[in-house]
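Student: Chains as they are written, first to last, in full-length UniProt numbering: chain G, 1 to 180; chain D, 1 to 180.
Don't read these hints as lab results, they were simulated from the structure.
There could be a bad hint or two in this list.
Identical chains blur together in the list; that is why a pair holds if it fits in one copy or across any two.
Calculated pairs, SDA-like style, for lysine to any residue (alpha carbon to alpha carbon, straight line, at most 20 Å) [said to hold, decoys possible]: (1) Lys-48 with Lys-92; (2) Lys-48 with Pro-131; (3) Lys-48 with Val-37; (4) Lys-48 with Thr-32; (5) Lys-73 with Ser-141; (6) Lys-169 with Glu-94; (7) Lys-73 with Gly-28; (8) Lys-89 with Arg-45; (9) Lys-48 with Pro-38; (10) Lys-119 with Gly-176; (11) Lys-48 with Gly-28; (12) Lys-48 with Gly-11; (13) Lys-48 with Ala-10; (14) Lys-73 with Arg-25.
None of the values given here were measured: they were computed from a predicted structure.
2 protein chains.
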Amino acid sequence: MPKVLVPFAAGMEEMEAVIIVDVLRRAGIHVTTAGLVPGPIEASRGTKHLPDTTLSEILEDEFDMIVLPGGNKGTQNLDQDPNLLSLLKRFKAEKRKISAICAAPRVLKNHGILEPGQKFTAFPGSVSESPEYTGSRLEESGDVLTSIGPGSAFEFALRIVELLSGREKKNEVESGLQLR
Amino acid sequence: MPKVLVPFAAGMEEMEAVIIVDVLRRAGIHVTTAGLVPGPIEASRGTKHLPDTTLSEILEDEFDMIVLPGGNKGTQNLDQDPNLLSLLKRFKAEKRKISAICAAPRVLKNHGILEPGQKFTAFPGSVSESPEYTGSRLEESGDVLTSIGPGSAFEFALRIVELLSGREKKNEVESGLQLR
Chain G
1 MPKVLVPFAA GMEEMEAVII VDVLRRAGIH VTTAGLVPGP IEASRGTKHL
51 PDTTLSEILE DEFDMIVLPG GNKGTQNLDQ DPNLLSLLKR FKAEKRKISA
101 ICAAPRVLKN HGILEPGQKF TAFPGSVSES PEYTGSRLEE SGDVLTSIGP
151 GSAFEFALRI VELLSGREKK NEVESGLQLR
Chain D
1 MPKVLVPFAA GMEEMEAVII VDVLRRAGIH VTTAGLVPGP IEASRGTKHL
51 PDTTLSEILE DEFDMIVLPG GNKGTQNLDQ DPNLLSLLKR FKAEKRKISA
101 ICAAPRVLKN HGILEPGQKF TAFPGSVSES PEYTGSRLEE SGDVLTSIGP
151 GSAFEFALRI VELLSGREKK NEVESGLQLR
């Protein structure tokens, strides 16, 4: 069973966080949500979430992918968290998959997880201008998958299901969502 | 500022609950989330949520609309909660708006909030066969708005914004979501 880590930061975009966790768990993927600090997380629109654990408790665990929800303040918090930055560097060194949506690709750009020339997308205006920014709904480049915002969160989560569990599982989960 | 009540039940579909709250708050609507019982809510895919208050504490408060998230077990819990059923009956008597998504329209059908002949939609198979079931993504009939499932939650929430705050506000919120 694939294992995915979803960090929960104060100020995260709660729709993105919850869509990612829910869709992946519908596919049978083992998802761990981990707060940057202990206790409940207050998200960007005031909803409060209790993560499964904290980042400091799972630093040595193995995961197939890390997925970063967006939100402007959530991204600021991710961008300054030493545990998260150390995890991202380990994931990159071990060629494990890294995904980020909305403002969160900024963390990957700021800390050299995205290499010069490596294409990505993000919420319009959330990352300094860069020739590698495509503005697509989903962008895949090397081991990094990025997506544009809350309204692309279902597509993003379903693409993660396809990457980790195959197209059949993705189609099965998608058909239960009533997306169109 | 319009006021909306969103009951949080154990086993609720967390994507639906969070999309509704987030999109309405983006529109400046005053949303209160209320647990059926005190304490954190474990939702259908294991995410844990801390509501703002409990239903028993806001029974006398005034709201412009009540919105029921779905989820099969969440709906079972809503269907058996005396506070919720008493609130729904008061909303119906006072001709206030009632909305429900996914499995939750079952509560409205079971307790006579939907009248015989009043059209509705819901997650396929979640409500006993009825000639009034349309299977549409959104259905509006009298003071009741219903919707089909997690994949229609953005449309559902945006239609609620339009009903309570007008088309301009709905368009403004929609443009920030990157839905297409």
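Student: Please go over all the hints and tell whether each is borne out by the structure.
Tutor: Taking the hints in turn, this is what the structure says about them:
Taking the closest pair of Cα atoms, Lys-48 and Lys-92 never come within 20 Å of each other, the shortest separation being 31 Å inside a single copy and 30 Å across copies. Taking CA atoms no more than 20 Å apart as the test, Lys-48 paired with Pro-131 passes in neither setting, with 37 Å inside one copy and 40 Å between copies. For the homomeric pair Lys-48 and Val-37, the shortest alpha-carbon distances inside one copy (14 Å) and between copies (16 Å) are both at most 20 Å. In this assembly of identical chains, the alpha carbons of Lys-48 and Thr-32 lie at most 20 Å apart whether taken from the same copy (17 Å) or from different copies (12 Å).
In this assembly of identical chains, the alpha carbons of Lys-73 and Ser-141 never lie at most 20 Å apart, being 26 Å within a copy and 40 Å across copies at closest. In this assembly of identical chains, the alpha carbons of Lys-169 and Glu-94 never lie at most 20 Å apart, being 26 Å within a copy and 46 Å across copies at closest. Taking the closest pair of Cα atoms, Lys-73 and Gly-28 come within 20 Å of each other only across two copies (19 Å); inside a single copy the shortest separation is 30 Å, beyond that limit. For a Cα distance limit of 20 Å, the shortest separation of Lys-89 from Arg-45 qualifies neither inside one copy, at 30 Å, nor across copies, at 30 Å.
Proximity of Lys-48 and Pro-38 under a CA criterion of 20 Å is satisfied in both settings, with 13 Å inside one chain copy and 14 Å between copies. Taking CA atoms no more than 20 Å apart as the test, Lys-119 paired with Gly-176 passes in neither setting, with 32 Å inside one copy and 23 Å between copies. For a Cα distance limit of 20 Å, the shortest separation of Lys-48 from Gly-28 across copies, 18 Å, qualifies, whereas the shortest one inside one copy, 25 Å, does not. Taking identical chains as interchangeable, the C-alpha atoms of Lys-48 and Gly-11 lie at most 20 Å apart whether they share a chain (10 Å) or sit on different chains (16 Å).
For a Cα distance limit of 20 Å, the shortest separation of Lys-48 from Ala-10 qualifies both inside one copy, at 9 Å, and across copies, at 15 Å. For the identical chains of this complex, Lys-73 and Arg-25 are inter-copy neighbours only, at 17 Å across copies versus 26 Å inside a copy, given an alpha-carbon limit of 20 Å.
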